[in-house]
Amino acid sequence: MSGVREEAARWFTRMLGTEVDDPERGRFEAWLTSNPAHAREYAAFEEFWQRLDSPQGWETVGQGLDRKREQRRRLLKNHLGAILLVSIGGEAAWWQWRHTAIWEVALRSEIGQPRRAILDDGSQLTLGATSAAEVSYSRAERRIVLQQGEAAFDVVRDAERPFIVEAGDIRVTVLGTRFAVNRLVDRTRVSVDHGCVQIETGPFWRRRRIQLQDGEVAELIFSPNAEAQLARVQRNAAGAFAFESGFIDLENAGLAEIATTFSRYRKAPVVLAGPLGSESRVTASVNIADVEGFLRLLPKMATVDVRFEANGKAVLQRH
Numbered sequence: 030m031s032g033v034r035e036e037a038a039r040w041f042t043r044m045l046g047t048e049v050d051d052p053e054r055g056r057f058e059a060w061l062t063s064n065p066a067h068a069r070e071y072a073a074f075e076e077f078w079q080r081l082d083s084p085q086g087w088e089t090v091g092q093g094l095d096r097k098r099e100q101r102r103r104l105l106k107n108h109l110g111a112i113l114l115v116s117i118g119g120e121a122a123w124w125q126w127r128h129t130a131i132w133e134v135a136l137r138s139e140i141g142q143p144r145r146a147i148l149d150d151g152s153q154l155t156l157g158a159t160s161a162a163e164v165s166y167s168r169a170e171r172r173i174v175l176q177q178g179e180a181a182f183d184v185v186r187d188a189e190r191p192f193i194v195e196a197g198d199i200r201v202t203v204l205g206t207r208f209a210v211n212r213l214v215d216r217t218r219v220s221v222d223h224g225c226v227q228i229e230t231g232p233f234w235r236r237r238r239i240q241l242q243d244g245e246v247a248e249l250i251f252s253p254n255a256e257a258q259l260a261r262v263q264r265n266a267a268g269a270f271a272f273e274s275g276f277i278d279l280e281n282a283g284l285a286e287i288a289t290t291f292s293r294y295r296k297a298p299v300v301l302a303g304p305l306g307s308e309s310r311v312t313a314s315v316n317i318a319d320v321e322g323f324l325r326l327l328p329k330m331a332t333v334d335v336r337f338e339a340n341g342k343a344v345l346q347r348h
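Take the position in the sequence shown, starting the count at 1, then add 29; the result is the number in my numbering.
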């Protein structure tokens with residue numbers, strides 16, 4: 030089998046069980062469009078597979094094998110040899126074996142209580158208060174889904190298994206580093222203490238990527254009327270890890286960020302009321318044991334009133 034044909038066979042088996050938004054599809058598209066021969070060979074496999082999927086498919090294959098020896102040898106050397114590998118599922122089975130979970134755990138933290146966990150490979154995950162994550166390790170990768178809240182990661186290096194964190198529309202991939210991810214209402218923030226991470230967002234056909242190094246921060250900012258924007262921002266990365274030491278670090282934070290963050294440390298949430306307009310920004314370091322004191326002090330720091338309702342809810346309203 031030629032090198033191009035063998036590559037086409039391998040890509041065909043990989044794509045059979047791959048989701049539309051799988052990052053592998055981006056690499057496949059790049060391979061497919063890099064050479065017209067790649068597209069021709071791949072199309073041949075697709076056509077042959079469709080024939081095999083029909084009731085007459087295997088009958089046609091059998092008839093082909095009854096032809097004279099030279100024709101049979103040529104057929105086996107070309108597409109049939111490769112497609113039989115596909116039909117048996119050899120490579121597909123190998124891919125599935127590599128990506129089947131061998132260790133899984135669901136983690137959740139309570140209101141006002143960060144939680145630290147040591148993962149199967151020795152990496153450390155620290156959930157912020159009122160946060161949740163699902164962890165799944167396979168032979169091919171280490172994958173975390175941050176379902177809500179924030180988390181910091183101190184990752185043990187493993188060149189064979191990238192460490193992947195998914196948080197809504199954003200994907201962070203590393204080999205070994207220390208970084209934090211924070212899911213807020215209007216943005217998702219990634220902060221790197223040390224090491225290097227790659228951030229991805231968007232479907233594979235128009236995926237955007239950013240690489241962050243030591244001390245860098247990026248945000249995916251959501252907008253109701255436009256596509257989310259991924260960009261580096263000028264922030265102190267160390268502040269993202271303050272919750273591990275019992276503090277909340279605010280840096281130029283708007284009221285929406287304050288409400289989301291402090292709701293994680295209260296049984297009743299902090300909510301916004303009325304239009305915010307050109308709201309004030311707040312920079313402060315708050316002990317998580319003094320959340321209520323900070324909220325009572327907030328009107329002296331920003332143009333906002335704080336109202337505490339009978340059910341415990343704290344309402345922020347610009348004055």
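It is possible that some hints are incorrect.
[As the list claims (entries may be wrong)] With a straight-line cut-off of 20 Å between C-alpha atoms, the simulated EDC-like cross-links for lysine to aspartate or glutamate are:
no. : residue 1 : residue 2
1   : 342       : 319
2   : 296       : 319
3   : 296       : 280
4   : 329       : 256
5   : 329       : 273
6   : 329       : 308
7   : 342       : 195
8   : 296       : 139
9   : 296       : 229
10  : 342       : 321
11  : 329       : 286
12  : 296       : 321
13  : 296       : 308
14  : 342       : 280
If you are wondering where the hints come from, they were derived from the structure by calculation, not from laboratory data.
To see whether the hints hold, each was checked on the structure:
1. For the hint pairing residue 342 with residue 319, the CA-to-CA distance comes to about 16 Å; that is within 20 Å, so the pair holds.
2. Our distance criterion of 20 Å between C-alpha atoms is met by residue 296 and residue 319, whose separation comes to about 14 Å.
3. Of the supplied pair hints, the one linking residue 296 and residue 280 is violated, its CA atoms being roughly 24 Å apart against a limit of 20 Å.
4. Among the hinted pairs, residue 329 with residue 256 is inconsistent with the structure: their alpha-carbon atoms are about 36 Å apart, more than 20 Å.
5. In summary, the hint linking residue 329 to residue 273 is not supported, as the alpha carbons are separated by about 27 Å, beyond the 20 Å threshold.
6. About 14 Å separates the Cα atoms of residue 329 and residue 308, which keeps this hinted pair within 20 Å; it holds.
7. Between residue 342 and residue 195, the direct Cα distance comes to roughly 31 Å. Violation of the 20 Å bound is thereby established for this hinted pair.
8. A threshold of 20 Å between alpha carbons decides the hint, and for residue 296 with residue 139 the separation of about 10 Å falls inside it, so the pair holds.
9. This hinted pair does not check out: residue 296 and residue 229 have alpha carbons roughly 34 Å apart, beyond 20 Å.
10. Distance restraint check for residue 342 and residue 321: the Cα-Cα separation of roughly 11 Å lies within the 20 Å cut-off, and the hinted pair is therefore satisfied.
11. With a C-alpha separation of about 18 Å, the suggested pairing of residue 329 with residue 286 holds against the 20 Å cut-off.
12. The suggested pairing of residue 296 with residue 321 holds, with an alpha-carbon distance near 12 Å, which does not exceed 20 Å.
13. This hinted pair does not check out: residue 296 and residue 308 have alpha carbons roughly 26 Å apart, beyond 20 Å.
14. A threshold of 20 Å between alpha carbons decides the hint, and for residue 342 with residue 280 the separation of about 24 Å lies outside it, so the pair is violated.
Of the numbered hints listed earlier, those contradicted by the structure are 3, 4, 5, 7, 9, 13, 14.
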